[in-house]
Amino acid sequence: MNKPIAAAALLAACFLASCSPETSSEESSASSEESEGISLLTPSGAPTLAFYDMGSDENWVSTSDATSIPPSLKANEYDAIVFDGLNGLNVLKQGATNYKLAHWITGGNFYVVSTTHAAGDAFEGDETILSFNQTGTASVAFNKLSREEWDWDYEDSQVTYLDGVQKVMQTLVQNPGSYDYYVIAEPVLTNAKNQLKAKDVTLNTIYNIQTEWKDAGLGETIPAAGLFFNVNSYAEKKDEMDAFLERTIERIDTAIEEPETVVAALNEYGDATAVQARFGYQPNLVTALQGNGQDRFGLISSETDIGTNLEFANAYQTAVGGAAYDASLFLF
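Numbering-wise, the sequence shown is residues -14 to 317 according to the working numbering.
Hints in this document: simulated from the structure, not taken from any laboratory.
Here a beta-carbon is modelled for each residue, glycine too, at the ideal position from N, C-alpha and C.
Worth double-checking, as some hints may not be accurate.
When the alpha-carbon atoms are kept at most 25 angstroms apart in a straight line, the in silico SDA-like pairs for lysine to any residue are as follows [unchecked claim]: (1) K129 with N189; (2) K184 with N160; (3) K199 with K59; (4) K78 with T120; (5) K152 with N176; (6) K129 with G202; (7) K223 with D42; (8) K59 with K182; (9) K182 with Q151; (10) K182 with T101; (11) K223 with T101; (12) K129 with V305; (13) K78 with D148; (14) K85 with T272; (15) K152 with L181; (16) K182 with T272; (17) K129 with T303.
Label pairs and their in silico Cβ distance ranges [claimed, not checked]: (18) E109 with T187: 14 to 22 angstroms; (19) N217 with D106: 51 to 59 angstroms; (20) E296 with E245: 44 to 52 angstroms; (21) T272 with E109: 32 to 40 angstroms.
Given the sequences, and given the hints that come with them, work out the whole structure.
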């Protein structure tokens, strides 16, 4: 097991990638694993792979509106909450919260893509870039790598920031040549690629930001979604919450190593529309992105050496010149 990393909520709304309308578990009659008895709030999108067999669990609320999650980190409504880990830690730093970070679920799933340039093309200096959430992890990591590792020389004015990765996709699909480069995240990237393919437009991957981050010696990956436990709940039902955490880690490993198991559970939950609404993606995307060991959803395996939860967070903070987090914000 891995040893268990003030941004506005909007910055994290699509950092976790791929959103869909909020749904309750009652919208599908298909069965999944029996309720584990832990009340859980998550954004839809990549992190829900860690709960792939809990579609019909009435204790789990998934929402496409990630901006609604930070207030819950200051309340006591849920035993566990999944949120962008760094932004969640920043909420915890403000005080008046009973939550602590218990585990990392995903690392980054960010990419630089282009319809007008190919991998290996020289950066000429006058190109334009579209990214999302200027102070969010994707954009901060991109700016560090592009300027310090790729030797891209550009003015700040050459980068446009939108308030979510979905909006980057919309611009990319509607007007593919409007920018030279796009910073985007999975599984939104594959959705965009499929839509562009239907228009006979090729979308080239220029950089895998996670690979570049690791190759630069900055860390195994980039912190993304974190699982936060309510410390009051943990004190009251430690055994149940420890078991829930263990099952979550097992599901993460299964989603990396056996994506067909995930697809089967999603299909058992409901049709593609129901799965999209509940989880934030359709089963075929899991096959495409997790097959053959790709793990393009960016899950963090129990075998990945990220150090402790605190060390993982602060390695990123050190790399980007941010303030270190205090150990008191972490449950493990």
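Going through the hints against the structure:
no.	hint	result
1	K129 with N189	21 angstroms, holds
2	K184 with N160	11 angstroms, holds
3	K199 with K59	34 angstroms, violated
4	K78 with T120	17 angstroms, holds
5	K152 with N176	13 angstroms, holds
6	K129 with G202	13 angstroms, holds
7	K223 with D42	20 angstroms, holds
8	K59 with K182	44 angstroms, violated
9	K182 with Q151	18 angstroms, holds
10	K182 with T101	14 angstroms, holds
11	K223 with T101	54 angstroms, violated
12	K129 with V305	7 angstroms, holds
13	K78 with D148	23 angstroms, holds
14	K85 with T272	33 angstroms, violated
15	K152 with L181	15 angstroms, holds
16	K182 with T272	18 angstroms, holds
17	K129 with T303	12 angstroms, holds
18	E109 with T187: 14 to 22 angstroms	20 angstroms, holds
19	N217 with D106: 51 to 59 angstroms	54 angstroms, holds
20	E296 with E245: 44 to 52 angstroms	33 angstroms, violated
21	T272 with E109: 32 to 40 angstroms	38 angstroms, holds
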